[in-house]
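Put chain B on the given structure of chain A with help from the hints.
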Amino acid sequence: MQRRGAGLLHGGHAGVSILELQDVDVFYGDFQALFSISFSVEEGQTFAVIGANGAGKSTMLKTIAGVLRPRSGRVLFEGESIDHVSAHKRVGMGISMVPEGRRVFPSLTVHENLQIGAYGGRTGDWDVASVYELFPLLKPLAKRQSASLSGGEQQALAIGRALMSNPRLVLLDEVSLGLAPVVIKRIYEAMEALPARGTTILVVEQDVQHVLTVADRVACFLEGRISLEGAPRELSSDDITAAYFGM
Amino acid sequence: MNWVNIVLQGILLGGLYALFALGLALVFGVMRLVNLAHGDLGILAGFIALALVQSAHLPLVWSSIITIVLMFGIGYVLQRGLLNFTLGTDDTRPIVVTFGLSIIIQNGLLVAFSADSRGLDAGALENASIRISNQIAVGWYPLLVFVVAIVSIATVQLFLNQTKLGKAFRATSDDREAAELVGIDNRHIYALAMAVALVTVAIGGIALAIRTTFDPSTGPFNLIFAFEAVIMGGMGSLWGTLLGGVVLGVSQVVGAQAFGTGWGILCGHAVFLLVLALRPSGFFARTVTA
Chain A
-17 MQRRGAGLLH GGHAGVSILE LQDVDVFYGD FQALFSISFS VEEGQTFAVI
33 GANGAGKSTM LKTIAGVLRP RSGRVLFEGE SIDHVSAHKR VGMGISMVPE
83 GRRVFPSLTV HENLQIGAYG GRTGDWDVAS VYELFPLLKP LAKRQSASLS
133 GGEQQALAIG RALMSNPRLV LLDEVSLGLA PVVIKRIYEA MEALPARGTT
183 ILVVEQDVQH VLTVADRVAC FLEGRISLEG APRELSSDDI TAAYFGM
Chain B
489 MNWVNIVLQG ILLGGLYALF ALGLALVFGV MRLVNLAHGD LGILAGFIAL
539 ALVQSAHLPL VWSSIITIVL MFGIGYVLQR GLLNFTLGTD DTRPIVVTFG
589 LSIIIQNGLL VAFSADSRGL DAGALENASI RISNQIAVGW YPLLVFVVAI
639 VSIATVQLFL NQTKLGKAFR ATSDDREAAE LVGIDNRHIY ALAMAVALVT
689 VAIGGIALAI RTTFDPSTGP FNLIFAFEAV IMGGMGSLWG TLLGGVVLGV
739 SQVVGAQAFG TGWGILCGHA VFLLVLALRP SGFFARTVTA
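Protein chains in written order, with this note's numbering: chain A, -17 to 229; chain B, 489 to 778.
Some clues are possibly wrong.
[To be verified] With a Cα cut of at most 27 Å, we get these calculated DSSO-like pairs of lysine-lysine: (1) A:Lys121 with A:Lys167; (2) B:Lys652 with A:Lys121; (3) A:Lys125 with A:Lys167; (4) A:Lys125 with B:Lys652; (5) A:Lys71 with B:Lys652.
[As the list claims (entries may be wrong)] Now the in silico label distances, taken between C-beta atoms and shown as ranges: (6) B:Leu646 with A:Ala175: 36 to 46 Å; (7) A:Ala111 with B:Leu646: 18 to 28 Å; (8) A:Leu159 with B:Leu646: 29 to 39 Å; (9) B:Phe573 with A:Gly180: 39 to 49 Å; (10) B:Pro708 with A:Leu159: 45 to 55 Å; (11) B:Phe573 with A:Leu159: 26 to 36 Å; (12) A:Val67 with B:Phe647: 21 to 31 Å.
Hints in this document: simulated from the structure, not taken from any laboratory.
Yeah, the Cβ is synthetic: ideal placement off N, Cα and C, and Gly gets one too.
The following block holds chain A by itself, in its conformation from the complex (with noise of 0.2 Å):
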């Protein structure tokens, strides 16, 4: 309950939204898979996007991280486009995406995958040691092949390596997807932690529980199209299964 007053608080001040998207359009190939989503992310907030599989959650984000292009519309980083800007040029401006499937780099070590982690990043807060700190069950593991982890393990190395660029807008993709829920709570709970360094949160999650506990705003993606958005705590149950499955 303490995390989303100061939410709000945030909310309340920044009213400068630090991500925008106008009238998104995205296609793979022929199929469109983004219909004109528009939303902005305020600084400091955590965002939540929630939907079934194959709702245009993680095309979305991708989107924002640069992966994909949109046919049509805008993606505003700080009230700029930055539709021109490479994926890899996003990272120093403060965009950071931990992809869905954790895809860390399993030929280097835990240690090495948080180096190349800062590898086009900010220079900040974060480094290895404020990692460990985040996530101390990955200091003992600092020399292990990072791809010996297990999923829990190697989701919080993801997330580790994300911070490691110093970004001001960490895109999460489905971070709760194939762990224990023990594993779950302990990584939302040190996604807690962010919000008060300044971090912008916009969270992906196909497992709604979680994410809600956490999120100032949800957005519900239906077939490439936004179905519901408010506050959770403005939205009944009813109101986001209706949204979620379309009924």
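Same frame as chain A, but now just chain B:
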């Protein structure tokens, strides 16, 4: 006939093959690119060094250094301006493009230098040798090439393991898209990988040009030897290229001694096929790169 001496010569010849194989393994490891022009690029370096010695009258050492620097630049531009566009969905594209490049280089060299066999002259170094016993003598020059091969492999391996850029090479090799998401520009990394590869093959080409005669059609032979060394060593293993090169070198030299000069290369191929049959993934089978 002294077998110890012969095996020793084969081992040292393996150093030369390793120099050709190293760049091939690096490029395959970082970007899964099979460069069929690799051997010709080595021969191109030999001709550039030759031209600098003959036309610009530079000493061999300086012309070699200039050639190596030039090949770094050629590698970067070649990858960034051409080969990067062949990577992606279709695996056959880089093969077709580098095959074409191989033909272009060979014919370009033919026009510029004619089909005559050439050689780079390293003076007294070429024939000097250390006599270990009555029966065993090691040439200074083959020994130098072998040491250069070891130093080259160690340097590239150290670069990959220890430097920030080297880790970016490995990260890109592991997962190109995830590497982009930490701010790595893969087009730049690929271009640097090709640049480093051409530095190593330039060293190999110059070493070859001093050791033996060469002409514009020499490249493909060395490409095949390099492939055999890489595959025997284990795709993606840099030290494996040295072992693969040594096995190939020893097989060739021993074969030539046992069955006659013409049989040496065939023996090399036979041993390669044998290794492929018995250990298809090579001596140092590793699933990840470099």
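Status of each hint after checking the structure:
1. A:Lys121 with A:Lys167: holds (19 Å)
2. B:Lys652 with A:Lys121: holds (20 Å)
3. A:Lys125 with A:Lys167: Holds: lysine 125 (chain A) and lysine 167 (chain A) sit about 26 Å apart, inside 27 Å.
4. A:Lys125 with B:Lys652: holds (16 Å)
5. A:Lys71 with B:Lys652: This hinted pair holds, its Cα atoms lying about 18 Å apart.
6. B:Leu646 with A:Ala175: 36 to 46 Å: holds (38 Å)
7. A:Ala111 with B:Leu646: 18 to 28 Å: holds (26 Å)
8. A:Leu159 with B:Leu646: 29 to 39 Å: holds (38 Å)
9. B:Phe573 with A:Gly180: 39 to 49 Å: With a Cβ separation near 41 Å, phenylalanine 573 (chain B) and glycine 180 (chain A) satisfy 39 to 49 Å, so the hint holds.
10. B:Pro708 with A:Leu159: 45 to 55 Å: The hinted range 45 to 55 Å holds for proline 708 (chain B) and leucine 159 (chain A), with Cβ atoms some 49 Å apart.
11. B:Phe573 with A:Leu159: 26 to 36 Å: The hinted range 26 to 36 Å holds for phenylalanine 573 (chain B) and leucine 159 (chain A), with Cβ atoms some 35 Å apart.
12. A:Val67 with B:Phe647: 21 to 31 Å: holds (30 Å)
Consistency with the previously given hints is maintained throughout, with no hint failing.
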